[in-house]
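Chemist: Chain residues, written in single-letter form:
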Amino acid sequence: MESVTRITYDARGLVEPDVTVPRVSEIEDGRATFDATELTTRQINAELRWLLYDQGLEDVTILNPRSRHSIATGILTRCRITIDGSLGYFGATMLDGPEVHIKGRVGWSSCQNMMSGVVVIDGNAGSLTAAALRGGDVVCRGRVGARTGIDQKGGTIIVCGDAGSMTGFMMQRGRQIILGDVGPGLGDSMYDGTIYVGGRVKSLGVDCVPGEWTDADTELIERKFRIYGLGDPPELQKFVCGKQLYNYDTLEPSERKLVL
Amino acid sequence: MCGIAGIIYRDGMRPIGRDMTRMLQSMKHRGPDSTGFALYGPPQHEAWIMRVKLADANTPRDFDFAQRLTRDRREVERRVQAMGARLHETTNGHHPYALTLTFDYDGDLKPLADRVEDVSRDAEVLSLGRSLEIIKDLGDAETVSSDYHLGSFEGSHAIGHVRMATESDVDISGAHPYWAYPFSDVAVVHNGQLTNYFEWRRRLERSGHRFQSECDSEVIAVYLAEKMAEGRSLEDAMRDSLEELDGVFTYICVTEDALGMAKDELAAKPLVLYESDDLVALASEEIAIREIVDHEIDTYDPFEGEVMVWSR
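Just so you know, the sequences run in chain order A and B. The first sequence begins at 1 in my numbering and counts up one residue at a time. The second sequence begins at 1001 in my numbering and counts up one residue at a time.
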């Protein structure tokens, strides 16, 4: 008997190869809008991908996302996505290119692993927001949970409200601008990068130290505030890596001999 | 991973059984092992309500299983009456191993509950209070809810739990919520792990408490109830717990007239909160809150080390 293997999935990443695209969008003047109320998560993402990749549209609005998880993930093309409501976990993750505007809140682990693009969140965000961010800007107008930008490798995170504990944990590069208060352990074990804080800092994490303000800092802050219409920047404190964790002076005597 | 949820209505009785079922069903993906509810109905001024299980889904259905259940049920009734209680009613749920007893009783709750649990190896008092009823079993929220007819349960506040077993077996004893044996009307649901569980379990056991399960979450319930019995308020007891219990946890505790949440120092377990004039709803995911609120809402996540309490 002849056996035929058919690979039907879309290399750009349809989660479910056989999902039927609902095709419920209203398309007008190169813009599309669709109501997600009755759609499943997979159908919402399939519709979005169909509009962006198949129909070649660059402006899509999703209505009534109802806090569902994993919406608008892995979009690797330049486009504008407006989400008229709140997202659940993992919303707008793994992006490369899009400008996303979320007119509600996002749950845990949103905007992770972004390579480039912009995400603006009007409401609050859960913990682990913009973890492992490599490029682009994430702007949260509300407050964010714990461990914002954990393992950040580039890009900029701007938070207009307060941030939870261990903000900037293990940060490797990039910038964070937190306008409100931050919880304990700010910048714990950061390797590099810069964190600006407008409010109070509950405590600094291991090897996070105040940094020296330069003209480049002023220019960066002013530029970002202008782009996102955040008004005049408040007075900010700057924190950087103390680079003490780079040293090997806490080794065992036998190890020390090897290094020296 | 587990999912927890809580609701408290500030303006009287609502169909909390239906609401909690919807909330928990929407979080089924967080834990498919078992589902549990702690529901607070209208406070009874006279009667106590006791929920008891005599076996569970894992108990071998050997040849005399049915007779043993009947015998155990009679024995539970006999012992309750022998302790001086005036039994009003005993009802079976969908499962013959689940009993609900209502009775008048003036004595100490601990010896009564101890006597009932001593009926057989599998017997366990799930809840005992003036308004608290704990219902838990294997399966998802809709299954448990329909088996125990929770859709029509009216009350003021409730908590619920969908469980992914990490710390103990998949059985009813390991399912949440936990009643703070032997304190009336105190129950807890928990998402996380306690790392100093054995230390606290031994400490509480030395002061006379017994534990039905091997699950770390049961410690939280008994810990809080003991603190409250010593005169601490619910809120103060919960603040103490942040100092004394170690691990990653977010938990919700309920008493006869209040509901509170506490989150550990690392904020390592999620909780989303929604508050309006007549309702406070909290859950591991916002998707659960949206099941019971039909309009656009603003929610936020509590920060590390936070304790919040709301009254009915």
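Mixed in with the good hints there might be a few duds.
What the hints assert, rightly or not - Once the Cα atoms are required to be at most 16 angstroms apart in a straight line, the calculated EDC-like pairs of lysine to aspartate or glutamate come out as:
hint : chain 1 : residue 1 : chain 2 : residue 2
1    : B       : K1028     : B       : E1142
2    : A       : K238      : A       : E212
3    : A       : K103      : B       : D1298
4    : A       : K202      : B       : D1240
5    : A       : K243      : A       : E212
6    : A       : K202      : B       : E1265
7    : A       : K153      : A       : E212
8    : A       : K103      : B       : D1104
9    : A       : K224      : A       : D181
10   : A       : K238      : A       : E222
11   : B       : K1110     : B       : E1205
12   : B       : K1227     : B       : E1214
Hint data in this document are derived by calculation from the structure and do not stem from the laboratory.
Chemist: Hint by hint, say whether it matches the structure.
Modeler: Going through the hints against the structure:
The hinted pair formed by K1028 of chain B and E1142 of chain B meets the criterion: a straight-line CA distance of about 10 angstroms does not exceed 16 angstroms. For the hint linking K238 of chain A to E212 of chain A, the alpha-carbon distance of about 7 angstroms falls within 16 angstroms, and the restraint holds. A distance of roughly 11 angstroms separates the Cα atoms of K103 of chain A and D1298 of chain B; the hinted pair therefore holds under the 16 angstroms criterion. For the hint linking K202 of chain A to D1240 of chain B, the alpha-carbon distance of about 20 angstroms lies beyond 16 angstroms, and the restraint is violated.
Using a Cα cut-off of 16 angstroms, the hinted pair K243 of chain A and E212 of chain A holds, with the two alpha carbons roughly 14 angstroms apart. Straight-line distance between C-alpha atoms of K202 of chain A and E1265 of chain B comes to about 12 angstroms, which keeps the hinted pair within the 16 angstroms bound. Taking the CA atoms of K153 of chain A and E212 of chain A, the gap is about 21 angstroms. The hint is violated against a cut of 16 angstroms. The hinted pair formed by K103 of chain A and D1104 of chain B fails the criterion: a straight-line CA distance of about 54 angstroms is larger than 16 angstroms.
A C-alpha spacing of about 19 angstroms is found between K224 of chain A and D181 of chain A, which places the hinted pair above 16 angstroms, so the restraint is violated. Restraint check: the Cα-Cα separation between K238 of chain A and E222 of chain A comes to about 15 angstroms, which is no more than 16 angstroms; the hinted pair holds. Taken as a hint, the K1110 of chain B and E1205 of chain B pair is honoured in the structure, with Cα atoms around 14 angstroms apart against an allowance of 16 angstroms. Among the hinted pairs, K1227 of chain B with E1214 of chain B is inconsistent with the structure: their alpha-carbon atoms are about 21 angstroms apart, more than 16 angstroms.
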